[in-house]
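Asks: Use the sequences and the hints to build the structure in full.
Chains as they are written, first to last, in our numbering: chain V, 1 to 225; chain R, 1 to 432.
Beta-carbon label-pair distances, calculated as ranges:
#1 R:Ala239 - V:Pro102: 16 to 24 Å
#2 V:Pro102 - R:Gly189: 33 to 41 Å
#3 R:Leu256 - V:Glu42: 37 to 45 Å
#4 V:Ser82 - R:Ala188: 33 to 41 Å
#5 R:Ala188 - V:Gly53: 31 to 39 Å
#6 V:Pro44 - R:Gly317: 42 to 50 Å
#7 V:Pro44 - R:Glu354: 54 to 62 Å
#8 R:Asn343 - V:Lys22: 35 to 43 Å
#9 R:Glu354 - V:Ser82: 30 to 38 Å
#10 V:Pro44 - R:Asp248: 50 to 58 Å
#11 R:Ser313 - V:Glu106: 33 to 41 Å
#12 R:Asp261 - V:Glu204: 45 to 53 Å
Read the hints as simulated data drawn from the structure, not as lab findings. Quick reminder that beta carbons are idealized off the backbone N, C-alpha and C, glycines included.
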Amino acid sequence: MRVLVVEDETELRELLGRALKKEGFAVDLCADGTDGLFYATEYPIDLAIVDLGLPGQSGMDIVRAVRKRERKFPILILTARSDWQDKVQALEMGADDYVTKPFRLEELMARVHALLRRSAGHAAPEVSFGPLTVNLSSQIVLLDGQTLELTSFEYRVLEYFALHPDQVVSKMELNEHLYDEDADPDSNVIEVIIGRLRRKLDPEGSWQPIETLRGRGYRFRSQPA
Amino acid sequence: MVLALSLIALAVDRGFTGAAENALKERLESVVFLILSTIDLDENGVPVVAETLAEPRLVQPGSGLHAGAMTPTGEWTSLSLVGVFRPPRARLVERGSTLFRGPEIDGTWYVYAIGLGWEQPDGEIVDLTIWAAEDPDRFQATIAGFRKDLWRWLGLAAMLVILAQVAIMAMLLKPLRKVAFDVAEIEAGRRDALSGSYPRELQPLTVNLNALLATERDNARHYRQALADLAHALKTPVAVIRARLDSDQPPTTKELGEALDDMDHLIRRQLERAARSTRRTLNQPIAVIPLVRRLADSLMRLYADRNLDVSISGEEGVSVRVDARDLMELCGNLMDNAAKYGNGRMHVFVEYGEPGSREPGVLITIADNGPGIPPERFGDLLQRGVRDDERREGQGLGLAISQQLVEAYGGRLELHRSDLGGAALRISLPPR
Numbered sequence: 001m002r003v004l005v006v007e008d009e010t011e012l013r014e015l016l017g018r019a020l021k022k023e024g025f026a027v028d029l030c031a032d033g034t035d036g037l038f039y040a041t042e043y044p045i046d047l048a049i050v051d052l053g054l055p056g057q058s059g060m061d062i063v064r065a066v067r068k069r070e071r072k073f074p075i076l077i078l079t080a081r082s083d084w085q086d087k088v089q090a091l092e093m094g095a096d097d098y099v100t101k102p103f104r105l106e107e108l109m110a111r112v113h114a115l116l117r118r119s120a121g122h123a124a125p126e127v128s129f130g131p132l133t134v135n136l137s138s139q140i141v142l143l144d145g146q147t148l149e150l151t152s153f154e155y156r157v158l159e160y161f162a163l164h165p166d167q168v169v170s171k172m173e174l175n176e177h178l179y180d181e182d183a184d185p186d187s188n189v190i191e192v193i194i195g196r197l198r199r200k201l202d203p204e205g206s207w208q209p210i211e212t213l214r215g216r217g218y219r220f221r222s223q224p225a
Numbered sequence: 001m002v003l004a005l006s007l008i009a010l011a012v013d014r015g016f017t018g019a020a021e022n023a024l025k026e027r028l029e030s031v032v033f034l035i036l037s038t039i040d041l042d043e044n045g046v047p048v049v050a051e052t053l054a055e056p057r058l059v060q061p062g063s064g065l066h067a068g069a070m071t072p073t074g075e076w077t078s079l080s081l082v083g084v085f086r087p088p089r090a091r092l093v094e095r096g097s098t099l100f101r102g103p104e105i106d107g108t109w110y111v112y113a114i115g116l117g118w119e120q121p122d123g124e125i126v127d128l129t130i131w132a133a134e135d136p137d138r139f140q141a142t143i144a145g146f147r148k149d150l151w152r153w154l155g156l157a158a159m160l161v162i163l164a165q166v167a168i169m170a171m172l173l174k175p176l177r178k179v180a181f182d183v184a185e186i187e188a189g190r191r192d193a194l195s196g197s198y199p200r201e202l203q204p205l206t207v208n209l210n211a212l213l214a215t216e217r218d219n220a221r222h223y224r225q226a227l228a229d230l231a232h233a234l235k236t237p238v239a240v241i242r243a244r245l246d247s248d249q250p251p252t253t254k255e256l257g258e259a260l261d262d263m264d265h266l267i268r269r270q271l272e273r274a275a276r277s278t279r280r281t282l283n284q285p286i287a288v289i290p291l292v293r294r295l296a297d298s299l300m301r302l303y304a305d306r307n308l309d310v311s312i313s314g315e316e317g318v319s320v321r322v323d324a325r326d327l328m329e330l331c332g333n334l335m336d337n338a339a340k341y342g343n344g345r346m347h348v349f350v351e352y353g354e355p356g357s358r359e360p361g362v363l364i365t366i367a368d369n370g371p372g373i374p375p376e377r378f379g380d381l382l383q384r385g386v387r388d389d390e391r392r393e394g395q396g397l398g399l400a401i402s403q404q405l406v407e408a409y410g411g412r413l414e415l416h417r418s419d420l421g422g423a424a425l426r427i428s429l430p431p432r
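Replies: Shown next as structure tokens:
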């Protein structure tokens, strides 16, 4: 999942960047509204965290512009003000949730996960596919009731599949949503990870949850074939 | 006004010139008839006029008034024409017709002429033209004299009117100048409020101004107080951390986090208190239902995964005079609680407090289908977050803030049973 952070306070921006990367997100950081709007409209963003009090283009402007261009990813507002007037205004512009400063990182991460889940159409944090249960909040994966050990990157690929079940996902799309600008992924890496995921999710080869569609990408089956 | 006076002057001038020309024509006509009464033709058809005419100017050389008579065979002119440089050029006028023309045609003279047929003793009829002419300089001099008078009087009238206007304006503006002066005095700190007598028309202005000043002073005092409170409240935790950092027992991360939470809580509480205690004097009436609807839409977005069902009923036009931000805060807190602690359903009902009265005040009831609030705990909940020992915000802080907002407007917050099964909170706000 690729998260855009638009925040002008350097320390907070860097802190959010580190925390989100630790959670397994690909992160784009922007210090001002103009950059933020560019990323929000030109990059395959899955969620944006936008500070309301930005220099130049305000956070409200970004939200409005993003929605005007019909980009539908969830937007989380960061604001120092907590009155309802501001909240209502931000939500009416097209924001999905807000967090008031100062905040706890766990709180923010919980909201981020909830928004991503919601935008994929899941009400509860736990998503089940046949014998597989993925908890998008705690990031615990159960296979037949047993905890499945996954590396951070394996989990990220699985999470993306879980949020886009029964959809064709190209290798390019996976690359864009799982790596940020800094990384230069070797296309081989995705194939290797998918191979490892297949072995872990389906050791007997009976379920085959990840289909390969030649020349198009992969498809995660929500129901066993 | 200058324009009006100029138009008047122009009209009068036109009228006078016309009348003067008519008078001139009549005078010349009478001269012509005077000549006619004494004229005779000799046997050769040459006009003969007695030299003792009733008009003395005709016999006075250079008088400017001239007359003459002519026939195809001869001509008579008055004595006054002697020595005139460019005498009026006479010509025969058709029998039975008259002619009058001004200097703009002839070049020099106003001329009146009449054409006649004169019957000689032998029965022959001779064409005879009798004319009279007047020097236009005299006429222009008359007009110029009149114009001078006209403008002098009009100018005087204009000056009087302007003076009268200035005097009236000064009289009318005097009370306003007094208000302006008094306001300046207040600005300079020499006075607290507008006092003294003002005309009845200005009373509403001065009363409102005084109310505004009082609120302004109140607000300033509250802000100062809030700032002082905040600074004071923050000093203690800061001092403790500072001291611990310098000691041999530095604070743990957990302790630092707790101290930070405390400080954040302090800041929020003081901010809310400051916002609550500043009142605006002149509030526009605000329609309640549209505002509630906006909040409901926002809450449905915030609690998207709960399938929140909010129903709003009541009279669409119900409005109340409070600050929009306050009303939104008030309803927002209570509706947020209903969304958080309810079981997915909420009903907001808006009505007038005393239907029929001119400014009835409003009742806003927010009901949910949650577990409800036991009446014996309601008082405690209202106190939550207000007491200093309260550390975490949570259920009830919104209630406490709402309670204080309602009280600031002289209203009440009551707990009722909801027909949805949960709590129903009723806000009643007085007219003003």
